[in-house]
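K.L.:
The lines below spell out each chain.
There are 4 protein chains.
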Amino acid sequence: MSGIFGCFDVDGNCDNVVRSAYYGIFSLQHRGQESAGIAVNNGGAFLCHKNDGLVADVFDDMTLSALQGTSAIAHCRGGSSGISGSDAIQPSVIKSRVGNIALTSDSVIMNDDALREELKGLGAIFQTNTDSEIILSLFSRNRIKTEDCEHAILETMKQIRGVYSMIFMTDNKLIGVRDPFGLRPLVLGRKGSFYFLSSETCALDAVDAEFVRDLEPGEVVSISRDKVTSVKLNGGAENKADGKVCLFEYVYVARPDSVIDRMSVFDSRYRAGLALAKEQPCDVDLVIGAPDSGNAAAEGFAQGLGVHYGAGLLKNRYVGRTFIKSTQTQRELAVKMKFAVLRTAIAGKRIAIVDDSLVRGTTTGHIISFLRANGAAEVHVRLASPPVRFGCCYGVNAAEEELPAATKSVDEIRDMIGADSLGYISLEALKESLSTIDCGVCSACFDGCFIAGRPDKSIDSVHKVTYS
Amino acid sequence: MSGIFGCFDVDGNCDNVVRSAYYGIFSLQHRGQESAGIAVNNGGAFLCHKNDGLVADVFDDMTLSALQGTSAIAHCRGGSSGISGSDAIQPSVIKSRVGNIALTSDSVIMNDDALREELKGLGAIFQTNTDSEIILSLFSRNRIKTEDCEHAILETMKQIRGVYSMIFMTDNKLIGVRDPFGLRPLVLGRKGSFYFLSSETCALDAVDAEFVRDLEPGEVVSISRDKVTSVKLNGGAENKADGKVCLFEYVYVARPDSVIDRMSVFDSRYRAGLALAKEQPCDVDLVIGAPDSGNAAAEGFAQGLGVHYGAGLLKNRYVGRTFIKSTQTQRELAVKMKFAVLRTAIAGKRIAIVDDSLVRGTTTGHIISFLRANGAAEVHVRLASPPVRFGCCYGVNAAEEELPAATKSVDEIRDMIGADSLGYISLEALKESLSTIDCGVCSACFDGCFIAGRPDKSIDSVHKVTYS
Amino acid sequence: MSGIFGCFDVDGNCDNVVRSAYYGIFSLQHRGQESAGIAVNNGGAFLCHKNDGLVADVFDDMTLSALQGTSAIAHCRGGSSGISGSDAIQPSVIKSRVGNIALTSDSVIMNDDALREELKGLGAIFQTNTDSEIILSLFSRNRIKTEDCEHAILETMKQIRGVYSMIFMTDNKLIGVRDPFGLRPLVLGRKGSFYFLSSETCALDAVDAEFVRDLEPGEVVSISRDKVTSVKLNGGAENKADGKVCLFEYVYVARPDSVIDRMSVFDSRYRAGLALAKEQPCDVDLVIGAPDSGNAAAEGFAQGLGVHYGAGLLKNRYVGRTFIKSTQTQRELAVKMKFAVLRTAIAGKRIAIVDDSLVRGTTTGHIISFLRANGAAEVHVRLASPPVRFGCCYGVNAAEEELPAATKSVDEIRDMIGADSLGYISLEALKESLSTIDCGVCSACFDGCFIAGRPDKSIDSVHKVTYS
Amino acid sequence: MSGIFGCFDVDGNCDNVVRSAYYGIFSLQHRGQESAGIAVNNGGAFLCHKNDGLVADVFDDMTLSALQGTSAIAHCRGGSSGISGSDAIQPSVIKSRVGNIALTSDSVIMNDDALREELKGLGAIFQTNTDSEIILSLFSRNRIKTEDCEHAILETMKQIRGVYSMIFMTDNKLIGVRDPFGLRPLVLGRKGSFYFLSSETCALDAVDAEFVRDLEPGEVVSISRDKVTSVKLNGGAENKADGKVCLFEYVYVARPDSVIDRMSVFDSRYRAGLALAKEQPCDVDLVIGAPDSGNAAAEGFAQGLGVHYGAGLLKNRYVGRTFIKSTQTQRELAVKMKFAVLRTAIAGKRIAIVDDSLVRGTTTGHIISFLRANGAAEVHVRLASPPVRFGCCYGVNAAEEELPAATKSVDEIRDMIGADSLGYISLEALKESLSTIDCGVCSACFDGCFIAGRPDKSIDSVHKVTYS
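Protein chains in written order, with my numbering: chain D, 1 to 468; chain Y, 1 to 468; chain B, 1 to 468; chain U, 1 to 468.
No wet-lab data here; the hints were simulated from the structure.
Heads up, a few of these hints could be off.
[What the hints assert, rightly or not] Once the Cα atoms are required to be at most 25 angstroms apart in a straight line, the calculated BS3-like pairs of lysine-lysine come out as: (1) Lys95(Y) - Lys95(U); (2) Lys145(B) - Lys145(D); (3) Lys145(Y) - Lys145(U).
[As the list claims (entries may be wrong)] If you want the ones that stay clear, here's a sample from chain Y, every Cβ over 12 angstroms from chain D, calculated: (4) Asp11; (5) Val98; (6) Ala114; (7) Arg116; (8) Leu154; (9) Ser224; (10) Ser230; (11) Val231; (12) Asp283; (13) Ala377; (14) Ala398; (15) Pro404; (16) Thr407; (17) Ser409; (18) Asp420; (19) Leu427.
[As the list claims (entries may be wrong)] Label-pair ranges, simulated between beta-carbon atoms: (20) Val228(U) - Val231(Y): 51 to 59 angstroms; (21) Gly121(Y) - Val228(U): 29 to 37 angstroms; (22) Ser65(B) - Gly43(D): 44 to 52 angstroms; (23) Glu34(Y) - Gly43(D): 34 to 42 angstroms; (24) Gly375(U) - Asp57(Y): 53 to 61 angstroms; (25) Glu400(U) - Gly99(Y): 28 to 36 angstroms; (26) Gly121(Y) - Thr436(U): 44 to 52 angstroms.
From the three backbone atoms N, C-alpha and C, an ideal C-beta is built for every residue, glycine too.
Sequences and hints are given; from them, build the entire structure.
P.N.:
And the structure:
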């Protein structure tokens, strides 16, 4: 997963453009904290700085000051770039027949290998293993045959099969693209003469911009100095309501203060917790969240049950950044360091712990034994999403064989993790928790309907879309 | 403030000693995150690695592997070391007539200038501005005239006036020291052949050690391969109950899962919240904590009022590490980035926000306007500690002129921060929240009784202790 | 200018391959010391490490150990890579339809802009401004239409107009290429099962390899596990004797212990000095070299005159790496730091200082005043190459307007630099100094015959070659 | 060995002070290239920056700009500082009863252990293993009992036994000190309102200063804003002519363009070469120097013999900085990389190679086989210093068991290194080569007269000096 952000000043000034981009990706780091980069358009020259590390480590004041531009795109990503230096980190910046192009994308391309081979057969060379290079190579060829960048992008969208949000920066435009199903979120914002494109609204709040609207599935929004235009790909979701935004954005990925397709992420989680209390009640003394992603649902669950909601486990805020584990003993100690347990708050009590989801189950198992070792009388687990039964290549990024819910019953999973009881919200209730959403959802990891196909399988016929 | 940690294997093995020290200070970083260091005793040779930065940045696997030893002391501290390199970062390692001595301390010495001048008058030279160098210089001279290290430490304690916890590592001992009033916490732990000394119990939990006991005020605990001994300074608190542990450890400094002098930090905060609900009730729809230090008291306050406790503000976990602010506009944006506000959770509601304390009041003011801007109908502030009226050099580290409570009434402060109402817990109720504590408390920042004196003033006559 | 080096073990082992590459470019750093890189073929996976800096700074033992491979290519280059990271540093590594290709080149392409535009028109994208990317893009397209890599390279050579030596590394070959005129040197060496390609023989000496032969102009030598083959471009120099190796390689660029096209570089310089003594004798007490590049000719000049040859100026071996100059005064001081003058050796004496060439003349002027200020009675300048009258884009890399000899007479230059007399060797004598050379020479910077054309001018008709 | 440099502007301005210090140590790096540091007096505050590495790597423009001061001292040194950071790198900066003191020294203290123990017995603590810390600790105690810094230094000189040059920087003075025998050189220079102290005159040339005079043995020169004063230690050399400057400074250590005690280093080497030609002639075709330290003597030797002097071996200027060697094979290759051999210049010739000295003999042996392998018909070795028979702790820093001349005859050494003949200059002739010197010399490494004693032996009674 990645966070992407773009900024364009229609007045053509450089003030605050790069700093807005910096604040933008700073606020999107929950989507990826391994590398960061910013590219700016400095009067036609494209400058780019990017590196492995947190945003605060990659950029300092001097670097930002050197990145003057009237438009900027920025990226943060999970997964490090390996031995070969900064080549694989985004934004990608190239020169083509129509000038400079920079690209930042949050994408998973299903037919990447086929496209790469096809392009190689036409003489293209590849310097990285990134999706960006494929997209830019396709775009560049399409651009020769099309009247403008927007149509070259539409042609490119017909060729790639996958889920993505992308921001292109050209010599005179900033162009946002949401995939035909709208699986990945992308929003348009504005403040004075500045336009913004962002993975999530929380980054608009960080730069004090107002939310304009979500991009529609398959939409290409193009910002230039004199106008903002929009075109849409035929063959994807016709209406926004037919879109399929990833349900896991609400469940886990997005920041709770973001609003995706008109639905507040925090509210969706809180409401899922309320619904969970109805579907899977339990008799406990205290409801706690699995920190921090389970907290919102836990609050709703406690409210629904009428039981006290409080802290029981706290996350060590210094962990998350790498720290050193080597021997087995030390690795077990390491688990203890990730969480602080409030012993006096839980000792002797019947505890319900609410988590956003159960993917592999390892951490949940550790937490349960940790709570018991610190005196919890009972530990009941409640999950604010249904059993994750299908390995999803779009987002969850787990293989099916790693997923207990793919093969085990709820009781078997309960025993595996050592809980006194285990309850999942139903998919229907989870979908109902999205009360104000104006888009459909993809729940492939729960129901197996992979609308954009899977890399190693043929596309599910039912969900197949026509890429003309 | 600093975190200190020591480890000693009475079996004389090197396995896990330095890694325990690493985990120890990793868990104490809430006490100081600007620099970190570890020194080990490697068969008489003392090795030390230290640098500016977070523990995870200062140490990597290779560095730890190079630091083999049978005992170790470690340090993390707030405040960077400046231009002159690593000299000022702890642990300090010296050679004296009786061999190697390493020291790590969490200290504020009141008579540091006088001691430094006195030592200079005897020919001593100083290479840093640290307390450690004074303490080691005094200790080294005292050691010449005393039979053992422990008595040299007692002599040193008679000369220094201040608050401190310290761990000395010598060629064959690990020695923990708590100041005569017990202002700073220090605990003894054990696991198998390992003894530990730590600022807080949370670090004992991190290394899976059992808590043995708090050091008593003025106590010197010495661990060697064949025995653990204890001596105590005359002239400090006679009994543990006469000690004066810093109340702010409970209010703000310590990690909630730590237990200091037999009292759980989380419980003390939760109970303070309960008491605050009795003393300063208010009619609201939602109680939220000022993240993260106000959360425990907020939970208790909500429980006391019988009102819903939930999230309203979340702290961005990537902030706290430096990030770039330059122009005024950007600085205001920066405030927005520190906190995520859950707009839908607070909009239209009457909110009570509970904070641990109000020192300067700037951040509280920002938070209130932030909540209002996002739709809060009313914002009531409740504080789980009394007005901070005295500039405390021991811990709070604020000058009196910065403290609104030093000169303003509660109503004036309420207006200053823009709250609908403002309520403080009383000092009596705060002290009562420490139900199981077995030590007295220092509440100098609230009542002005500075038992160890202040740097620029003569010692309060009432509280004067005889340093023979 | 760059140094390029390749290594291939026909036995298919990894031992010493990368270390040979390391030693190879270490010995070629006089050709470029700003960046360095090595790529290896590790069983089909291509690994690459490259960075700005000296070879000794870019690589350490750990990095080399990670670069295991059965073949390797390496590069060192003058000129830093700018803000965008390591993308522009060689070797370049790409994936094409026929697998991995790595390239390292010492090249100046005259028609680079035209080629880049042509490729862009076909949809190619460019991520850097390097020649390598153009060459790889052309090669990759040509490879689709040709039976093997060697013919794809020949096709590419027909498209590019310029001077170059190149080494390609493919999944199973190492291929060396010398431009149609042989302007840049490239040699083949061997030691046991190892084959080497190198810019100069000095790097073969460094790895203890025997010299096999110079590549011929327009030759493509291909090394695979079972054979070494050679093909040659039609349209360049038919015979080796028609080649045009750059005369400046002998005058200045190459290391004195290298042998290029059968002529020892040191001997050529020494012989030029002897000839200079005949053509431009002078009555002096001491002959010194302009350190270090004038030393060999100075030795010959002194021998020719029968005058004492000795040291007068020494070069500070720590300069050459950047050092700090800021104010005007300090910049003048900086000149003093570059050279140590042996005052007692020159005071009161008539000095002849021999330099390899006079390009801009600034340093020579500084040296003359420096010698006078330290007591030299007379300072006579002798140059072991003719007046540099034409801005050469192949190697000397100076614009015509910077060259005093383009517009000034010898007397005017003498006055400009403040010498008592000034004498140049004739072009005929310089060419005669190359007694054993088996190739022709390019003397464009002296006579203006640019055989491969100039970037902004049409190709000299006389010298035009047919690129079919 | 170290290089030390100091700068003091009597006009009290900051302009160019730190940059002069930078240029000063830049020019002294031949005395030590492992670490570098500069301390400045900034209106009473002492700022210091130091690190491992070359001067050009330790300092950049920003660092220098931050080091504003009206006086500065600087240091460069051989030998790295180990794991414990920058503590052991000079300058050392301390605070004492009389204010800030910074010290930079080029010293070997014989009685360091005894002094350290004595000081420890008085309560002193040591944070490093450096001489500086001992000297500063002694000085600081002495300063309490004396009227001024100069007398405190004299008292300190009575306590330390060894060889040294030192520069102290105090709040208002810059004080240069040369040891009682003048073994280490130290000179005073001046330019306008700037005074300089430097290990060698070459650094005065670098900052364009005029040489004022050498310090006398045992002299303390003190520069303040209103005067320059001098005091001298009783008990050392009474007159300058009784001093004992280290002969190895002329033979090897100093830069050839330096003048020590009125004798040009280059001239002394050249004259030694002339004398060597008389004492140890040989019948050869070419005389070459062992690069670079043998070149001056080789030039004189060739002149004396009337034989051609020329280049045969060149030193790779990129070696000297660490480069990687690992396997035995690679280590042998490494030797080849250090030197470029000019094969055509030496092939078939009888060669005399002149080196400054033969200490361990390993490199000389390698060079001889290298010359033979490249075709030299005969290789005769001539040495411009006598057999090094005594392990010298002052400078040469080799143990006696490493010295072939301690146990072997000249013939045996000749066979060991594989030369056709071997000839040493006599000690008498070497001393005579110092025609203009105004000081005596120490030739302990040749004759065993250790005037300042040796660390593990009692002082030679004959040479004992009275330290009152």
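K.L.:
Please list, smallest to largest, the hint numbers that this structure does not respect.
P.N.:
none
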